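Construct the complete structure from the given sequences, taking the supplied hints into account.
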Amino acid sequence: MTSKAMGEVQWKPGDSWSLCRAVLQRGCAVLAVALVAGCALGPNREDPFEPMNRTLYGVHDAVDTAVVRPVAQAYVDFVPSLIRTGVSNVFNNINDLFSGINGILQGKLDKAGDDFGRVVLNTGFGLGGLFDLASMMGIERGNEDFGQTFGFWGFPQGPYLFIPLLGPTTVRDGTGLALRLVWGPASYLNNEALQWSLYGIGYIDLRAEALSASSLVDTAALDRYTFIRNAYLQRRRYLVYDGKPPPEPEEP
Amino acid sequence: MRKFDSVARLRAAAVLLLTVALCAAAPAFAQEAPDAIVKRVASDVLATIQADPAIQAGNEARIREVLEVKLLPNFDFARMTALAMGRNWQAATPEQQKRVTDEFRALLVRTYSGALNNYRNETIDYKPLRMNPADTDVTVRTLVVRATGSPIQIDYSMAKQGDTWKCYDVIVAGVSLVTNYRDEFNNQVKAGGVDGLIKTLADRNKGVAAK
Chain H
1 MTSKAMGEVQ
11 WKPGDSWSLC
21 RAVLQRGCAV
31 LAVALVAGCA
41 LGPNREDPFE
51 PMNRTLYGVH
61 DAVDTAVVRP
71 VAQAYVDFVP
81 SLIRTGVSNV
91 FNNINDLFSG
101 INGILQGKLD
111 KAGDDFGRVV
121 LNTGFGLGGL
131 FDLASMMGIE
141 RGNEDFGQTF
151 GFWGFPQGPY
161 LFIPLLGPTT
171 VRDGTGLALR
181 LVWGPASYLN
191 NEALQWSLYG
201 IGYIDLRAEA
211 LSASSLVDTA
221 ALDRYTFIRN
231 AYLQRRRYLV
241 YDGKPPPEPE
251 EP
Chain X
1 MRKFDSVARL
11 RAAAVLLLTV
21 ALCAAAPAFA
31 QEAPDAIVKR
41 VASDVLATIQ
51 ADPAIQAGNE
61 ARIREVLEVK
71 LLPNFDFARM
81 TALAMGRNWQ
91 AATPEQQKRV
101 TDEFRALLVR
111 TYSGALNNYR
121 NETIDYKPLR
131 MNPADTDVTV
141 RTLVVRATGS
151 PIQIDYSMAK
161 QGDTWKCYDV
171 IVAGVSLVTN
181 YRDEFNNQVK
191 AGGVDGLIKT
201 LADRNKGVAA
211 K
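First to last, the sequence lines map onto chains H and X. Residue numbering for the first sequence follows the working numbering, beginning at 1 and increasing consecutively. Residue numbering for the second sequence follows the working numbering, beginning at 1 and increasing consecutively.
In case anyone wonders, no lab produced these hints; they're calculated from the structure. Just so we're clear, the structure is a prediction, and the values are computed from it rather than from any experiment. Every residue, glycine too, gets a C-beta built ideally from N, C-alpha and C. Check the hints yourself; a few may be wrong.
Simulated restraints, written as ranges between beta carbons of each label pair [stated by the list, open to error]:
no., chain 1, residue 1, chain 2, residue 2, range
1, X, G196, H, Y241, 28 to 36 Å
2, X, P133, H, I104, 35 to 43 Å
3, H, G58, X, K160, 44 to 52 Å
4, H, I104, X, T164, 43 to 51 Å
5, H, V68, X, R87, 36 to 44 Å
Calculated from the model, a selection of chain X residues having no Cβ within reach of chain H, i.e. all distances over 12 Å [what the hints assert, rightly or not]:
no., residue
6, A33
7, A47
8, A51
9, V66
10, K70
11, F77
12, N132
13, A159
Printed below as a string of structure tokens:
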């Protein structure tokens with residue numbers, strides 16, 4: 001395990017602790033800079049770093065339009081839907097495992113039971129998760145993650161962040177996602193090429209799922225940055241409160 | 001003379017019968033529950049779309065026509081616009097209010113017809129609605145199950161208006177349409193007044209891309 005000065009931490013594939021430290025250290029550095037920079041900026045209380053985020057969104061949008069979106073579209077156009085569904089199911093199966101863990105962390109044992117039941121069924125009888133038998137049987141996905149667990153525990157979401165390639169997030173959700181990646185099964189692989197291929201396929205799978213949402217945003221939004229931010233924050237709030245968010249206080 | 005009488009009497013009887021029938025039917029319509037309205041309208045729109053060859057071939061203008069006739073009368077666009085504008089609604093003149101409403105309505109129709117063009121092989125699960133007879137504001141919950149991808153929850157906020165119910169917000173996967181536009185509308189008004197908002201909406205409806 002190598003660790004140098006902050007921001008230069010290297011991590012070896014499979015060495016999840018060093019990645020974790022790298023992510024946390026960098027996260028703290030970014031956060032510290034952002035907090036100092038953000039004090040005087042931004043009229044939106046959930047998005048104090050709006051100017052910085054807008055710049056990052058511009059970068060993201062350029063890369064997405066030029067590369068990621070066309071690749072995801074080609075994936076949808078040329079890969080049969082049976083295979084795409086199988087790919088989604090395999091990744092979702094892993095997410096269900098983490099959803100179950102987060103269900104337990106939030107004391108939602110019913111939900112966690114469903115999630116673990118799903119994993120057992122789909123892994124055992126659905127060819128390692130290729131087929132989503134559990135959904136066919138009506139066992140619903142819990143859809144919990146670390147960001148929601150932190151929210152459930154009472155951590156504030158923190159400033160909104162737009163990270164190129166990753167998309168909209170908050171300090172809380174971004175931390176959750178980092179933990180998810182560090183503890184995810186792919187991080188335990190020793191083959192770096194295989195590891196990055198899996199991340200790549202998972203990424204395109206997610207992006208393909210969001211293609212119709214993107215075209216909806218293109219039509220519906222007056223300003224895409226604001227539209228995406230508000231939709232993301234509303235959606236996360238809805239998930240943290242399991243579909244029953246308390247009414248939001250009106251802005252003065 | 002006698003013949004005319006009997007025709008007149010028949011006609012009167014028919015009118016009477018029709019009136020009685022309508023009176024009997026009217027309460028049935030008036031009492032159509034909000035979830036029943038959502039179910040009736042949604043299944044009607046989807047069935048029409050699935051049966052229309054022009055729409056299946058990707059004709060968005062035809063989708064818009066169907067929406068105009070079957071779907072839109074069930075929405076309260078003025079209320080949606082007022083909610084999205086917040087305090088700026090009161091500050092706008094009636095003429096401005098009408099223009100924002102018209103443009104916002106057109107934008108939502110464009111968005112919705114585009115979305116319908118994307119998803120066609122979908123089925124809708126209607127969740128049972130628990131409401132009291134005295135309720136005047138309810139949320140009807142539905143789950144749209146797609147051929148591929150995970151199901152999407154779509155809820156409709158409905159308010160009672162006289163004998164019927166009108167939808168004033170659509171909540172897609174927890175994202176309220178009206179709430180989502182609140183910031184956008186506010187920013188537009190801050191930057192260019194209500195007329196600025198009208199212009200931006202009109203530009204978007206003419207196909208000018210957003211930033």
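### Task
Go through the numbered hints given earlier and state which of them the structure violates, listing their numbers in rising order.
Hint check: nothing fails, all pass.
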